[in-house]
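Here this note's numbering is used: the first residue of the first sequence is 1, the next is one more, and so on.
These aren't lab readings, by the way, just hints derived from the structure by calculation. Among the clues, some could well be false.
Said to hold, decoys possible - Straight-line distance between alpha carbons at most 27 Å, and here's what the computed DSSO-like set of lysine-lysine pairs gives:
no., residue 1, residue 2
1, Lys582, Lys561
2, Lys561, Lys609
3, Lys176, Lys233
4, Lys211, Lys233
5, Lys582, Lys609
6, Lys547, Lys563
7, Lys539, Lys582
8, Lys659, Lys609
9, Lys176, Lys232
10, Lys689, Lys659
11, Lys659, Lys696
12, Lys539, Lys563
13, Lys582, Lys563
14, Lys689, Lys726
15, Lys609, Lys563
16, Lys232, Lys211
17, Lys566, Lys582
18, Lys561, Lys547
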Amino acid sequence: MPETRPRLLLLDGHSLAYRAFFALPVDNFSTATGQNTNAVYGFTSMLVNVLRDEQPTHVAVAFDVSRQTFRLAEYSEYKAKRNKTPTEFSSQLPLIERVLTAFSIPFLKAEGYEADDIIATLVTQALADQTADMEVLILTGDRDSLQLVTERSTVLYPMRGVSDLARMTPTAVEEKYGVPPHRYPELAAIVGETSDNLPGVPGVGPGFAAKWISTYDGLDNVIAHADEITGKKGEALREHLGDVIRNRRLNALVTDLDLAMRPSEMALQPWNREAALELFDELEFRGELKTRTIETLAGEEPMEEGGFELEGRILGGGEITAFLEGLGDQVAGLHVRGSWAAGSGAVDGVGLATADGQAGYVDLAGLTPDDESALAAWLADTTRPKILHDAKGPELALAAHGWRLAGVVSDTALTAYLAQPDQRSYDLADLTLRYLRRELKGEGDTDQGALFDDGADVASTAMLYARAVVDLSTALEGELDRAGGSQLLTEVELPLVHLLASMEETGIAVDLDHLTSLEQHFGDEVRNAAEEAFAVIGKEINLGSPKQLQVVLFDELGMPKTKRTKTGYTTDADALQGLYVKTEHPFLLHLLRHRDVSRLRQTIEGLLKTVQPDGRIHTTFNQMIAATGRLSSTEPNLQNIPVRTEEGRRIREAFVVGKSVDGIGFECLMTADYSQIEMRIMAHLSEDKLLIEAFKSGQDFHSITASRVFDVAPDDVTTEMRAKIKAMNYGLAYGLSAFGLSQQLGIEPGEARGLMDEYFETFGGIRDYLGGVVEEARRTGFTETIMGRRRYLPDLTSDNRMRREMAERMALNAPIQGSAADLIKVAMLHTQRAIEEQGLRSRMLLQVHDELVFEVAQGEREALEAVVRERMGGAADLAVPLDVSVGTGASWHEAAH
DNA sequence: TATGGTACGTA
DNA sequence: CGTACGTACCATAT
C-alpha cells in the first residue's frame, strides 16, 4: 500500500443545501407524505460525488446555527435583504443531519458564528499541523471562503445547479478575479456582496477593484491613497470608504474558534448502511443516487472479520452425502455452473453455501453413483430449502441432466424484479454490489482471474456466488416486504418459474414442410412485388431503405411530404396509405405489398432457424422484463406471430399438434383466451355500474357500450357507432387522447373530443377511476395492481411536460395491464395444478398475454376444456364474470375461434 | 463491428 | 399526440 497523503474535505452544509434548494424543482422532490427533499437530495448527491471523485481521508460538515451572529451584532443590516428562510428549506436541515449521521460524517456548529468561520478555523488548524501534511478541500457555495485558498487548500465551488464544480486553486482565483486568494475579501469589500446586504462602491466592479488592489498593493494602501484615484470611480470610493472598511471587517473569517473536534479526529468512518438505506427509503431516494451512494461508500465499510471467507471445499467422491446431510434444513444458496437455452441445458458443477459460512462445490465430472443419487435426492427434496438467482435456466440445465429441482423458497432475481420492476437487468454481481457492498468477481471477468482459471477458482467462485445469493435474498426480501410484494413472489412468480421451465422444455411442434413451402411462396411474392415496383419507377433501389425511398417518393415522384421523423420523412405503412389515397401512384401499392410479404418471409425465416432437432420450437419466456408484470418471449418471440391478416394466419397453420411421445398421443391443440380482459378489469377497478352491467348482460360488449353512449336501442347500433366505441374501449386503458382517437378513426379532433365527453358522461365511474389512478400515483409515487404489484413512476412529478404525460399514461395503463398479467399467471398455475391433480397428460405450451395454448393428449379434449374454463374463469373474483373462449384444432390457426 | 433509428408483428 | 414487448434492417459511427 502506498502511503497516501491525508486529505481533509470540509463542506459548508448550509450554503450547499441552499443552492440545491433553488437548483432543484420542489415538485420533483417530495415524498408521499409531502416532505420536500430537493435540498437533502441535492446536498447528498454533491456529497457522494465529491467523496467518490476526491477520495478524502477526513471529512466534516459545518452549519450555521442561526442568524444571530457577531456580524449581525456589529451591523444590523447584515443579510437583512435576504428573504425569510422558507420552511420548505429549514424542514430539510434535520434530514441532512440524519444523512450525515448515517454516513458517519461529523458536523459542527458554533453559536454566533457562520459555517464559514468554522471552516476557516479548521483549515487553519489543518494547515498549521506540519507533521500531518494535510491537503484541504473546501466544498462551498459561499465566495467568502476563497480567502482560504492556498497551495495546499482548494475551494470547490458549484458552478451551475449542483453538478459541476469549479476547482479554485490560487492560480484559478487569480485568473478569475485578478487578485490572489488572500486579497479576495479586499476585492469583495470594494465590490460589495448583495446576498449579505453589504453594499460596495457604486459603479465599481471586480475589474477596477482588482486593478486598484494590485496597483497600490492591498486594500489598506488603496484606502490610504484614495485621494489619488481620479474620475467618477475615485469619487465614489472616497464617498463610500466607510462601507468598504466595514465590509472588510465583516467578511474576514474567524480562524480561532474553539471547536469540539480537530481535523485529525475527522478520519472517515464506516457508514451505517442499514440506517442510510432506511433513510433513503423514507426520503424515497431510489435508483441512481442509491446506487451511486452504495458504490461510493461500500469501500468505507469494515470488512467483516476474516473478510468473506467460506469454509468451502471441492467435494470429492463420497463426500457429498455427508455434506448435504450436514446442511440439514438450513436454507442453501445454489449457484449452478452450466449453460441453458431453448428449453434445455447442461450442468458443469454446482456451488452450495449457507448463511453460516459452510460451502461446497460439486464438479459433475467424477461423481460416484452414490454422489449422484444423493445430490439428485437433495435437489428434488421439497423440505430442503434452496435459493437461486434466476432459477429457470438452472432448472432447465439440471432437468437436462435428469435432475428435478424442488424446494426453491426464493429467487433473488425475481425478488429484485418485483421490488424494482423498471430495471433493465438483474445481474447478480450488480445486486450484490448495491445491496451487500461486496464485489463479486467471477468467471466472466476479463482480468487475470479468468485467464489463470483453474478448478479451484471455478469452485470458489461458484461457492461465493451461492453465498451471495443467500445474503442477497435477506436484503431483497426485506425491501420487497416493505413494498407489500412478498405474497406476489411466493404465490405467483416463484411457482411460475417451474411451469415456465416446463413449457420451454416442452416447446411447440412445427410443420417444417408447411413452413418451408410458405417461405418459398412469400419469397416469390417478394420478388414479384419488387419487380413490379422497379418497373414503375424504372430503376432498382433497396425497397427496405427508408432513405432511398424518401429520395424516390419525395424528390423524384414529388409526392407530398409526410410526417417528420428524426432523420427525414416517415415512410411507414400509414403514411404510404395516405399517399396512395392522394396520388394513386401504383408504386405505393407494390411497395406496401413488398413490405407485407418480406415481413412474413422474414418471420418464417426466423422461426425456421429456431426449430430444434426434436421438430419443435422452444421459446424462452422472460419473467423479469416487462415493468407491468407481463411475460415476454424471445428466440423466437412466439407472442407476436401474425394473426390479423389472412396471409399472416397461414404462419399459424405451421404450429401443430406434436407426434406422440412415450406412447402418449396428442389429438389437437387447444387455445383458451380471455375476452376483453382489460375492460373487465377496468370495470372491476372503477366499479362503474353501467359497465359492470354491460358485462353481466353477456351481449356483444362494444355494441352494448355503443348503445349506451349513443343512447339508442342495442339493435339500432350501426357498425359505424360500434367501430367508434370499440376504438374508445381499447384506447382507454392506454391513456388515449382526443387527438389519438381522431387520428385512428379518421375523424375531426372536435368530433373525437365530443365522443370522449359523451363516453365519460355515460361511464362516469371510468372517468373518476382513471383520474383517481393518476392522482394517487402522483401522491404515492407508484401504481398498484389487484395483487399489489407496484410500478414506480417518479416522472409523474416531472416538470418536463413530455415526461410527465408519458408517466401519466403509464400510470393509467400499468394497473390494468399488470392486473391482467397477475390474473393469467394465477390462471396458469391453477390450471396446471388441476391438470396434475386430475392426472391429465395434456401440456401447457404457450402464453400470449390473454391466451394459453395447450397440447391435448389423446382423449382429454373435454376434460381439459372443462379444467381450463373452470380455472381460467375462476382465477379471480371480480365484479364482472371472466369470459373464456376455447377452441381446438390440428394447428394453432385451426384452434383459434 | 456495435449502435440508433425506423418499421412492424402481437396483446 | 395510446401501453407493453422483440426482431429485423439500414445507416452511421467506430
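Evaluated hints:
1. Lys582 to Lys561: holds, 12 Å
2. Lys561 to Lys609: Given pair Lys561, Lys609 is violated - Cα atoms ~39 Å apart, limit 27 Å.
3. Lys176 to Lys233: At roughly 22 Å apart (the allowed maximum being 27 Å), Lys233 and Lys176 satisfy the hint.
4. Lys211 to Lys233: holds, 12 Å
5. Lys582 to Lys609: violated, 41 Å
6. Lys547 to Lys563: Roughly 14 Å between the alpha carbons, so the hint for Lys547 and Lys563 holds.
7. Lys539 to Lys582: holds, 23 Å
8. Lys659 to Lys609: Distance ~21 Å between Lys659 and Lys609 Cα, so the pair holds.
9. Lys176 to Lys232: With a Cα-Cα distance of about 25 Å, the restraint between Lys176 and Lys232 holds, given a limit of 27 Å.
10. Lys689 to Lys659: violated, 49 Å
11. Lys659 to Lys696: This hinted pair is violated, its Cα atoms lying about 41 Å apart.
12. Lys539 to Lys563: Holds: Lys539 and Lys563 sit about 26 Å apart, inside 27 Å.
13. Lys582 to Lys563: holds, 15 Å
14. Lys689 to Lys726: holds, 19 Å
15. Lys609 to Lys563: violated, 36 Å
16. Lys232 to Lys211: With Cα atoms ~16 Å apart, Lys232 and Lys211 stay inside 27 Å; holds.
17. Lys566 to Lys582: Holds. Lys566 to Lys582 sits at ~24 Å (cutoff 27 Å).
18. Lys561 to Lys547: With Cα atoms ~14 Å apart, Lys561 and Lys547 stay inside 27 Å; holds.
The structure fails hints 2, 5, 10, 11 and 15 (numbered hints given earlier, in ascending order).
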